[in-house]
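Q: Listed below, chain by chain, are the residues.
2 protein chains.
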Amino acid sequence: MIVVPGPASKELGGKIAKELNAKVIGVFFKQFPDGESYVRFEGELENENVVIVQSTCPPQDSNLIRLFLLAGTAKDLGAKKVVVVVPYLAYARQDKRFLPGEAVSVNVMARVLKAIDIDGLVTVNVHEEKVLKKFDFPAKNVSAMGVLAKYFKEKGFDGAFALAPDDGALELAKEAAEVLGGGYDWLYKKRDLHTGEVETKAKKLDVAGRDVIIFDDIISTGGTIVNAAKILKEQGARRIFAACAHPLLIGNAVERILSSGVEEIVGTDSVPSMVSKVSVAPVIAKSLAEDF
Amino acid sequence: MIVVPGPASKELGGKIAKELNAKVIGVFFKQFPDGESYVRFEGELENENVVIVQSTCPPQDSNLIRLFLLAGTAKDLGAKKVVVVVPYLAYARQDKRFLPGEAVSVNVMARVLKAIDIDGLVTVNVHEEKVLKKFDFPAKNVSAMGVLAKYFKEKGFDGAFALAPDDGALELAKEAAEVLGGGYDWLYKKRDLHTGEVETKAKKLDVAGRDVIIFDDIISTGGTIVNAAKILKEQGARRIFAACAHPLLIGNAVERILSSGVEEIVGTDSVPSMVSKVSVAPVIAKSLAEDF
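Respectively, the protein sequence lines represent chains R and X. Residue 1 is where the first sequence starts when you use the numbering used here, and the numbers rise one by one after that. Residue 1 is where the second sequence starts when you use the numbering used here, and the numbers rise one by one after that.
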């Protein structure tokens, strides 16, 4: 097996290769003055099983095009099998048509990935696992919640309460609670289809005097975390933390979250960021070894 | 026939619809705070022949993803036939592997466009016409050189000399010369595969005391035009102009070109810019009416 770290996941790709004891082939990447991307594999792929690691974190569109260029070229270069590791899978959130005429973006992505002839995909905490059923090739979702919960456990937060800031994150909090052992619960969130504004409903939680960690798949502008932190403080939570697989942290998200009473934000290297303190390499490597 | 102007070609799409006397359906477009694009057709496409007009000018990657979202959704919404008009086709320049391991980007684009199930494509002055043979669906290349030459003819430059700044543009200058009637010639350009630097070889041209218009498909950083203008001035050309289908005009290209002795730059609305004075709408509309 050969691991190819794409331009968006150079470090993570290297770590996955190390976990698997696999050879690394680099990518020479440049952007032309007009903005187009250029990629070149720096080694032979012929007759090899190739794993391309390329997150599609912001800038999503450019990272997607680079993924298409890499994956679409590997087979041309004689690779036997091409598996793509896309820890953060962009455009996966719109999986149904809410308003007439809308693009269901994940359907388009599924079709494009199929067309570039990949043999499998591994992603991390995709927003809704059911979207992978739309993919016409083996697609595996792995979870970073275990390694995130372990990070807190090792810091002494064994027994902390795991909170899902909305119902979509319920399974994530449940997974984290299995490691932390302090129980879990979830909040109910409503999104306006037109404005995109979210409202979180208050609910009695068993958090008074307890340390709480909010677990979510993505932290984008931070609004959901801020709403949850407010409810937690009102109910007398002691220390509050936020953990996620994909720290997009758009705009002033970090400042907003920290000033809402959250003490620390912890994300993974799925999306390289200032809070990417936990690596998903072991989880991804395990899936590659077992499933592909 | 329904014409849908995509977010990159709102004006051009409207003009094409007018030429064809076709109904227009708009696109509601927004970008989420994290950078992902959202598109929604603002009308019914069911059982219609749909023409989506979306150039993939800079930002190429985002305009490509928006094209994929639009075209990939039109059939889902029941469109009978979907033809895409992509006046500037990004990633079409790399059509062979110059160095081992390189992505042949146009092959990847061909595969992706095929996957989103389009019934035809119209583009304008693609860098090399032969790349369209790689497309597994009807693909038509139309030329803006006629309308560009006409613009100069109407300004009183009948009989001006048409120059191709490299051999790739020879056919373009020839086409323009058919309108202008003042003859044509071409220069020889060499590109370093690693650095991308270009060198234009001098050559005796029949330009002393004559007005000259340089015709090219794309003006990107302007280096090729500047090199040609230098040779033209050395050989005593009178007034020098530059015309192109796709005015990308990266960085300080306009300033560089104008300070090299070129009096005016004229481009088309294939790529909306400050020099897009000529519309390709009539040429595209003609092809849509005849070929699709």
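Among the hints, erroneous ones may be present.
Dumping the calculated DSSO-like pairs for lysine-lysine here, alpha-carbon to alpha-carbon at most 30 Å [unchecked claim]:
#	chain 1	residue 1	chain 2	residue 2
1	R	Lys75	X	Lys130
2	X	Lys81	R	Lys96
3	R	Lys30	X	Lys190
4	R	Lys30	X	Lys130
5	X	Lys190	R	Lys114
6	X	Lys114	R	Lys30
7	R	Lys114	X	Lys30
8	X	Lys80	R	Lys134
9	R	Lys134	X	Lys23
10	R	Lys30	X	Lys134
11	R	Lys81	X	Lys96
12	R	Lys134	X	Lys30
13	R	Lys133	X	Lys114
14	X	Lys190	X	Lys286
15	X	Lys30	R	Lys30
16	R	Lys96	X	Lys96
17	R	Lys10	R	Lys155
18	X	Lys155	X	Lys134
19	R	Lys23	R	Lys286
20	R	Lys114	X	Lys203
21	X	Lys130	R	Lys114
22	X	Lys189	X	Lys201
23	X	Lys114	X	Lys75
24	R	Lys80	R	Lys96
25	R	Lys96	X	Lys140
Some chain R residues well away from chain X (every beta-carbon gap over 12 Å; in silico) [to be verified]:
#	residue
26	Phe32
27	Phe68
28	Lys114
29	Ala115
30	Asp185
31	Glu199
32	Lys203
33	Gly236
34	Arg239
35	Glu255
36	Pro272
37	Glu290
Computed footprint of chain R on chain X, listed as stretches where at least three residues anywhere in the stretch have a Cβ under 8 Å from a Cβ of chain R [as the list claims (entries may be wrong)]:
#	segment
38	54 to 61
39	77 to 86
40	101 to 112
Quick caveat, the hints were computed from the structure, so don't treat them as lab data. Just so you know, even glycine gets a beta-carbon here, dropped at the ideal spot from N, CA and C.
Q: Taking the hints in turn, state whether each one holds.
A: Evaluated hints:
1. Lys75(R) to Lys130(X): 23 Å, holds
2. Lys81(X) to Lys96(R): It holds: about 23 Å lies between the C-alpha atoms, which stays within 30 Å.
3. Lys30(R) to Lys190(X): Answer holds: Lys30(R) to Lys190(X) is near 21 Å, not above 30 Å.
4. Lys30(R) to Lys130(X): Cα-Cα ~26 Å, so holds.
5. Lys190(X) to Lys114(R): The hint is violated at about 38 Å.
6. Lys114(X) to Lys30(R): 27 Å, holds
7. Lys114(R) to Lys30(X): 27 Å, holds
8. Lys80(X) to Lys134(R): The hint holds at about 23 Å.
9. Lys134(R) to Lys23(X): Status violated; Cα separation ~34 Å.
10. Lys30(R) to Lys134(X): 25 Å, holds
11. Lys81(R) to Lys96(X): 23 Å, holds
12. Lys134(R) to Lys30(X): 25 Å, holds
13. Lys133(R) to Lys114(X): 22 Å, holds
14. Lys190(X) to Lys286(X): Not OK: Lys190(X) and Lys286(X) at ~36 Å, beyond 30 Å, violated.
15. Lys30(X) to Lys30(R): 28 Å, holds
16. Lys96(R) to Lys96(X): Cα-Cα ~39 Å, so violated.
17. Lys10(R) to Lys155(R): 28 Å, holds
18. Lys155(X) to Lys134(X): This hinted pair is violated, its Cα atoms lying about 39 Å apart.
19. Lys23(R) to Lys286(R): Judged against 30 Å, a Cα distance of about 16 Å means the pair holds.
20. Lys114(R) to Lys203(X): Outside the cut-off at roughly 50 Å; violated.
21. Lys130(X) to Lys114(R): The hint holds at about 26 Å.
22. Lys189(X) to Lys201(X): Measuring from Cα to Cα gives roughly 6 Å; hence the hint holds.
23. Lys114(X) to Lys75(X): 13 Å, holds
24. Lys80(R) to Lys96(R): Violated, because 34 Å separates the two Cα atoms, which is more than 30 Å.
25. Lys96(R) to Lys140(X): 34 Å, violated
26. Phe32: Incorrect as stated: the minimum Cβ-Cβ distance to chain X is 8 Å, not above 12 Å.
27. Phe68: Non-interface label on Phe68(R) violated, nearest chain X Cβ at 6 Å vs cutoff 12 Å.
28. Lys114: 6 Å, violated
29. Ala115: 3 Å, violated
30. Asp185: 27 Å, holds
31. Glu199: Check passes; 17 Å lies beyond 12 Å.
32. Lys203: 27 Å, holds
33. Gly236: Given a closest Cβ separation of 32 Å, the condition holds.
34. Arg239: Nearest chain X Cβ is 28 Å from Arg239(R), so the label holds.
35. Glu255: 15 Å, holds
36. Pro272: 15 Å, holds
37. Glu290: 29 Å, holds
38. 54 to 61: Since three or more residues must qualify, the claim that chain R covers the segment 54 to 61 of chain X holds, with 4 doing so at under 8 Å.
39. 77 to 86: violated (count 1)
40. 101 to 112: As far as the segment 101 to 112 of chain X goes, the hint holds, because 9 residues have Cβ atoms under 8 Å from chain R.
Consistency with the previously given hints fails for numbers 5, 9, 14, 16, 18, 20, 24, 25, 26, 27, 28, 29, 39, ordered from lowest to highest.
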